[in-house]
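Residue numbers (my numbering), protein chains in the order written: chain A, 1 to 557; chain B, 1 to 557.
Derived from the structure by calculation, the hints contain no laboratory data. The reader is advised that the hints may include incorrect statements.
[As the list claims (entries may be wrong)] Restricting the straight-line Cα-Cα distance to at most 25 Å, the calculated cross-link-like pairs of lysine-lysine (PhoX-like) are: (1) K553/A to K378/A; (2) K519/B to K73/A; (3) K325/A to K519/B; (4) K553/B to K59/A; (5) K179/A to K94/A; (6) K73/B to K553/A.
Keep in mind that this is a model prediction, so the values were computed, not measured.
Number of protein chains: 2
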Amino acid sequence: MNASTPLRFVIIGGVAAGASAAARARRLDENAQITLIERGPDVSFANCGLPYYIGGEIKQREALAVQTPQTLKAMLNLDVRTGTEAIGIDRAGKRVQLRTVASGATEWLSYDKLLLAPGATPLRPNLPGIEDPRVHTLRSLQDMDRIHGATVSAQQIAVVGAGFIGLEMAEQFVRLGKKVTLIEMLDQVLPPLDRPMTLLLEDELRRHGVELALGDGISGFERGNQITCLLKSGRRVAADFVVLSIGVRPETGLARDAGLALGERGHIHVDQFMRTSDPDVYAAGDAIETHDLVGRNPTVVALGGPANREGRLVADHIFRPASAKPFPGALGTAIVRAFEVSAGITGWSEKRIRAAGLPFRCVTVNDNHHAGYFPGAKPIILKLCWDPVSGRILGAQATGLAGVDKRLDVLATALAGGLTIDDLSELELSYAPPFGSAKDIVNIAGFTAVNTREGLVDPIDTIPDEPSVQVVDVRPAALSKAHPVPHAGVINIPLPELRKRCSELDASRPVVTVCALGKTSYFAARILAQRGFRVQSLTGGLRARFDPRSPAKLPTP
Amino acid sequence: MNASTPLRFVIIGGVAAGASAAARARRLDENAQITLIERGPDVSFANCGLPYYIGGEIKQREALAVQTPQTLKAMLNLDVRTGTEAIGIDRAGKRVQLRTVASGATEWLSYDKLLLAPGATPLRPNLPGIEDPRVHTLRSLQDMDRIHGATVSAQQIAVVGAGFIGLEMAEQFVRLGKKVTLIEMLDQVLPPLDRPMTLLLEDELRRHGVELALGDGISGFERGNQITCLLKSGRRVAADFVVLSIGVRPETGLARDAGLALGERGHIHVDQFMRTSDPDVYAAGDAIETHDLVGRNPTVVALGGPANREGRLVADHIFRPASAKPFPGALGTAIVRAFEVSAGITGWSEKRIRAAGLPFRCVTVNDNHHAGYFPGAKPIILKLCWDPVSGRILGAQATGLAGVDKRLDVLATALAGGLTIDDLSELELSYAPPFGSAKDIVNIAGFTAVNTREGLVDPIDTIPDEPSVQVVDVRPAALSKAHPVPHAGVINIPLPELRKRCSELDASRPVVTVCALGKTSYFAARILAQRGFRVQSLTGGLRARFDPRSPAKLPTP
């Protein structure tokens, strides 16, 4: 056993980053004095599981308590102090001031290395009526218990914010038979995604009875028998209670008071080894500003995966600095399930790239999640954005009824490896009929991107309202009639007839080809382009633009 | 429209590679004369679906006929000649001799570019009795129909060869209520994988009543009311019919007769653009020798995914040579489902690396396919092999009850990108409780590999039969008692007691720590190593070595 003086490692915050750092530290040094300070009563609990306990999908509350102070003592020999708040850092003296929440008693604890992993707190903007106890936020097991209790007698629930947690809550409340209104300031659900990639989710929420109030912000709450959400449009949404999930604010008071450097948006600034501006003080998790792997700029990612790995890296850097690897940066990979539909993103969305003013190209493709001839094939839509100069992937979004997580993970790995659109088209993914296709949708996205770069297809993401444009629907006549393209003056020429009938089109006027999935329209565009037409193909087809359930063929009678 | 003389592109073989080349060629050149020659009656059919039609999981035979000569004419303006065999190539004259199978009539067809995509034929070794019509192989829709017909009255079926197709057939026959014996020369099912990674599959087959005859080759067949497989051990397996799935032989007669260069194992040699030794003759699909992405040496991969992409590349190189990208090489990514269990591989197995004499390290890890606290979490086992010098991943194998395809695809992407074990530990994969874990099993494999490199853990893949070794089972006492480690002299010290009880161990003798999953044993190894013990941890735990269903905890009473 190491006979040198034990290193004193103090960790403020005992959930994802803090608990990961503590566990890793113990594996690296049996001798260290590791103290985990947690204001709340729980450590290392499964915070991503809270909505599912409220909705009854997770039945055992104990399942969420991944560790307890007792198990952490037994397994890891950690000194865990719950119900204890850190209220000050004496950096010169290398000690933190602690206050016992219950008694108010304070004491000082010395450290050799300190980790700040305080997390982030749900936003509660200063709106009229927000102090009503029926306006909930969800962070701790206690918040969860309060909401869980409130659901028993509630009939109508308003969820404010249609991000990941808002969608999970809406789904779980519907599961309990509640009437749910989902209020979102932006004109779409799941704001990190580009709007077209959220249409399927929107449709799925409506099919399950969720009332959507999109493009409408909250301006206050009116108290009565029910609590009424007052929206900026003037709309009023009455509910038995409200869950606010409109974002989080990093808990940086301790860091700021200690004079540690903060980033532009007020998060704790760290280097690639999670060191703050004080080399003996580290920070990790939702409170920090980290490095973006795509933009190579500072970013904020409040997610469990990165928090865990950041915490682990802190322990590595403290106890084995020579072999610690710098944090490569975050992608913000995230996914949500709402009923049968999943949707998610890795890397940057089109709107984020646009806002940053970077050059890019995008395509959207449709396919089945596994071989179409195998029973149970479900639709999936994939959007890919890439750098037109290097071909490097900048981001990907996926939505569908199955296999969304798999494609996001493949693309997150591709992003981590700096892969290009050419690499995607060559990926050799696992294929047997129950699992995939000989050409997976990720390959198809790569093919389509390369075709775009090579000028074989010119994808357009909307049907232009331009009388000179000839909009050609290349689906079979019966399908075109049953599910018409929502646009005036559309010409239907089914693909098999196109070679013979292209004289019906005016070669001096531009053409946009349209189909359900964006594949047949590409085939048609190739036929027309080689006959001298200026032609664009609607990327992602009707599914990605107008109707996420637009059929690719009519049911056989 | 292109006014130059149309290019004459002749393709021999109309399934995966051939049909892909034809379709891509048409998109690139409306003007080309594209002729698809196919000996059989079908083109572009879903050959990976054949077992599932036999077993009734795919109900519509039409679902397997992806395209017909008529649809290929209508959609792609292809000249498709089924029932036509290519019997000779006049390379100097740039023409192929064709024979109509039905009439025997021959003719010559000129080409500017020729593609050989003849595929491979199932092996039928010259064994006594093999000519019996009850000994089937499966390649075409007609083979499928014959086996499908034979199943109606059959009770007992023997499948020879426990590779991908053999396992699919065994599963489907059980689905039909048949008694199945699966015969395999090697001592494991799914020979491309390392044996420990096939234990779960083996167990699953037995649970479903499949009789396994492993480590036993076939020496002939005895004809009678039934057909009896005579095994090398002397064992006799009677069946109503037999399916032979022991491998394939490339159809290279045409190439060889034309004097084209062949590889060491007799496959058609091609360059990175799929050109044979004659620059106007290409080859693609199961008949070629391709480039291995891991070993960077020639290899043979008879799989649908690579075949499709090779065919596509041929068309690119013929019609747009300047923008065609060289084939990056194959990984041999493959997966199979047998009942509830899936298993697969990407890149190289440990035994393949060993046979090549390359340096390597391996770890095996266990986890759930998504967050353990979310209902429906299923076990998954992942084995990772890497280059100890560069850290580059060499191969990965996975097996489990869910999420196997996802992890293989992530690792195939990592292999394609040349990622290292450090990169794996940092992958930011999609996480929400229904989909994954904050630390995915792929991250955990990366962590474990890095820990191995750093000397934090010394994984061992078996319990040594060495009296000086102290085997320490660190599971809870009740679990250790209920599911004992199958080894003599095992000492049970549950992890939480280890720090206090390590004096019970002899520090002068080596220790091997053991648990169900290989995780607690790693924790224990860290505790002991820091107290001066020479300690190794059983990688993958009891699950990966002895019992793939070894429980991680006892059910709560």
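Status of the hints after comparison with the structure:
For the hint pairing K553/A with K378/A, the CA-to-CA distance comes to about 14 Å; that is within 25 Å, so the pair holds. Proposed proximity of K519/B and K73/A is supported: the alpha carbons are some 18 Å apart, at most 25 Å. The suggested pairing of K325/A with K519/B holds, with an alpha-carbon distance near 23 Å, which does not exceed 25 Å. At most 25 Å may separate the alpha-carbon atoms for a hinted pair to count; K553/B and K59/A meet this at roughly 19 Å.
Of the supplied pair hints, the one linking K179/A and K94/A is violated, its CA atoms being roughly 53 Å apart against a limit of 25 Å. A threshold of 25 Å between alpha carbons decides the hint, and for K73/B with K553/A the separation of about 20 Å falls inside it, so the pair holds.
Hint violations for this structure: number 5 only, all remaining hints satisfied.
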